[in-house]
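Number of protein chains: 2
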Amino acid sequence: MTQSHMAREVAEIPEAARRFLALATASIAQAAEAMRRADPDVIVTVARGSSDHAATYVKYAVELLAGVPVASVGPSVASIYRRPLRLRRGACIGISQSGQSPDIVEMMRAAAQGGALTVAITNHANSPMAKASAHCLALQAGAENSVAATKTFVISVLAGLALLAEWQQDDSLRAAVARLPEAFAQALTMDWSPLAARLARAQSLYVLGRGPAFAIANEAALKFKETCGLHAESFSAAEVLHGPSAIVQAQFPVLALGVEDAALPRLRETAERLAVQGADVFLTGADAPGATRLPSLPDLHPLCSPLVLSVSFYAFIEGLARRRGFDPDVPPHLRKVTETV
Amino acid sequence: MTQSHMAREVAEIPEAARRFLALATASIAQAAEAMRRADPDVIVTVARGSSDHAATYVKYAVELLAGVPVASVGPSVASIYRRPLRLRRGACIGISQSGQSPDIVEMMRAAAQGGALTVAITNHANSPMAKASAHCLALQAGAENSVAATKTFVISVLAGLALLAEWQQDDSLRAAVARLPEAFAQALTMDWSPLAARLARAQSLYVLGRGPAFAIANEAALKFKETCGLHAESFSAAEVLHGPSAIVQAQFPVLALGVEDAALPRLRETAERLAVQGADVFLTGADAPGATRLPSLPDLHPLCSPLVLSVSFYAFIEGLARRRGFDPDVPPHLRKVTETV
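Residue numbers (my numbering), protein chains in the order written: chain A, 1 to 341; chain B, 342 to 682.
Worth double-checking, as some hints may not be accurate.
[Unchecked claim] A few chain A positions that, by computed beta-carbon distances, are all more than 12 Å from chain B:
no. : residue
1   : THR2
2   : GLN3
3   : GLN30
4   : GLY74
5   : ALA116
6   : ALA221
7   : GLY229
8   : SER234
9   : ALA262
[To be verified] Computed footprint of chain A on chain B, listed as stretches where at least three residues anywhere in the stretch have a Cβ under 8 Å from a Cβ of chain A:
no. : stretch
10  : 352-363
11  : 382-395
12  : 545-554
13  : 603-617
14  : 656-662
Calculated directly from the structure, the hints in this document are not laboratory data.
We put the beta carbon where it would ideally sit given N, CA and C, even for glycine.
Can you build the whole structure from these sequences, using the hints too?
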């Protein structure tokens, strides 16, 4: 049997991470130095699709480590509504695998005109987005042939974390980032087959996370749709009790992405409450009454742990897609580069 | 047959809007004056559930009219992760019907300590959130007995728009806000029965919007879940083509919330594309090939139009809930005040 592009690209994640950290040192240092000089009061992010989930991850990491608020700005604010944002003490981080989508390029230009320091995170260092930005962190992840992004998502978040660690000169995060390639390799070996068995014939599910793991929940829900035809929806583990739990009936599947951080006890409580409601709950990182525990890597930095979980998830979902009869490389109706304007 | 609380509260929206505008003039003027003095570089919003959708609406309105970036901050940043945000040139707008949820109160206190001007939007002027804030816009919407918020959502957004109009001293928005009670009354009479017929037995659907109408799409998706047991999910009309359209098969229902603004041509294109894919598309505000048009009020201010649409939606969904055999006042598993910490 031929290996899918997606399987190959997921397997390449540890090596791509090593390569990025080796090759991007200088550009990270320069962008970090610029961030220290700018000392922004606000950071805006500009991205779509999986890259927007990477931006959400960066948002939580920046807010929790640097204490600077991060606003996701719809590219349409510039491209359609033509409203310049005032960013005189701001920075703008754009994330795009291709660096080509016209609305994102236009928003980067508008942010620079509004006064922001601009940083592009992209796999294409010669792309229009990279050229429109003061700094570029090139992913150097190689070609990504599967329509569903995997390695470029992981390396985009890695780039954001590496930039944050240098900007804040945080030795703990620096050390944790340096260990990520090895952690990614171990994450590929986690066995989530109990979840695969449950989802082989499911239609809907919820994916929960809190803090940076919420960004991974967003990304997981998108991948369930794209590659498995499952109507998966993500929620902050706090939000799910404000309404969405109304449709959680008996045997409704729930994947709760727990990581060892301050939010874990609350996520366990939410998992338990949904299990009491009758849901089939799968939980990483901890045990909870009524929930099935999925394995994950212990003892990671809390800002890195959810990213490592995403690698286990990617390895899992590629297999689930094939089990459900989908070609993970070719989701129905989708193209690799979606150019929105 | 007894009228549901929800039906009664939706019918009260025009009168509640009139009352708010009559009674809140002074507090709006004071908060707006404080915003002008603070001249914030960033606004953070703090909210959960329907109130968070109101905050998303305010985000788009502020970004499009004032050009100031708005970041939604998870209350858990303060309550769980204990990370103070630096908001020395910031403002913080908290939205909560009850004003009681401990995490939101704590985030408002943390924002004030971080240097932000704080404004509470709440139905309970003596609540802990109101007391923790420098300014309070009291909704004065009367009791809301249905678990699913309706009138407090609409009046919360109205409060945000009224504050924005005074802060920016924008006469066009001021005039549009003053006309909203009358527009809400007309919105209650819109006939969306073709959509009700289609959704009487559906399981899943997508709700699309762009700009402030995306906030209404979020709110609509939550209400479909809470009151009708439907797995509805909302997307920006741009995002839906970046992956989620993969599960849109033949007869998949899609509600596209079009309003007369700069994004409408693009929303029509998206609606048409999904219709070509086989989806059952319902579109407000415009015609599109293959889509069923739903009536909406014409000639509104683009920042008010989506809010008026929400009133038509509420009137529609109360009936759909009963048609699907649900009690719209008592969603399964939910309580009115969800206290997350």
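Hints, one by one, checked against the model:
Once the 12 Å rule is applied to beta carbons, THR2 (chain A) is consistent with being away from chain B; the minimum gap is 22 Å. Once the 12 Å rule is applied to beta carbons, GLN3 (chain A) is consistent with being away from chain B; the minimum gap is 22 Å. Look at GLN30 (chain A): its CB is around 24 Å from the nearest CB on chain B, clear of 12 Å, so calling it non-interface holds up. With a least CB separation of 7 Å from chain B, GLY74 (chain A) falls inside the 12 Å interface cut-off, contrary to its annotation.
The claim that ALA116 (chain A) is not at the interface with chain B is violated, since a C-beta of that chain comes within 12 Å of its own (minimum 9 Å). Taking the minimum C-beta to C-beta distance to chain B, about 9 Å, the non-interface status of ALA221 (chain A) is violated against the 12 Å cut. The beta carbon of GLY229 (chain A) sits about 6 Å from the closest Cβ of chain B, which is not more than 12 Å, so the claim that it is off the interface is violated. Non-interface call for SER234 (chain A) relative to chain B: violated, since the shortest CB-CB distance, roughly 10 Å, does not exceed 12 Å.
Distance check for ALA262 (chain A) against chain B: the nearest CB is about 5 Å away, which does not clear 12 Å, and the non-interface claim fails. Beta-carbon proximity to chain A at under 8 Å applies to 0 residues in the stretch 352-363 of chain B; the threshold of 3 is not reached and the given coverage is violated. Coverage of the stretch 382-395 of chain B by chain A holds in this model, with 7 residues showing a Cβ closer than 8 Å to a Cβ of that chain against a need of three. For the stretch 545-554 of chain B, the assignment as covered by chain A holds, since 3 residues bring a beta-carbon within under 8 Å of that chain's beta-carbons and 3 suffice.
Restraint check on the stretch 603-617 of chain B versus chain A: 3 residues with Cβ-Cβ distances below 8 Å, three needed, restraint holds. Only residues whose C-beta sits within less than 8 Å of a C-beta in chain A count toward coverage, and the stretch 656-662 of chain B has 0 of them, not enough to reach three; the restraint is violated.
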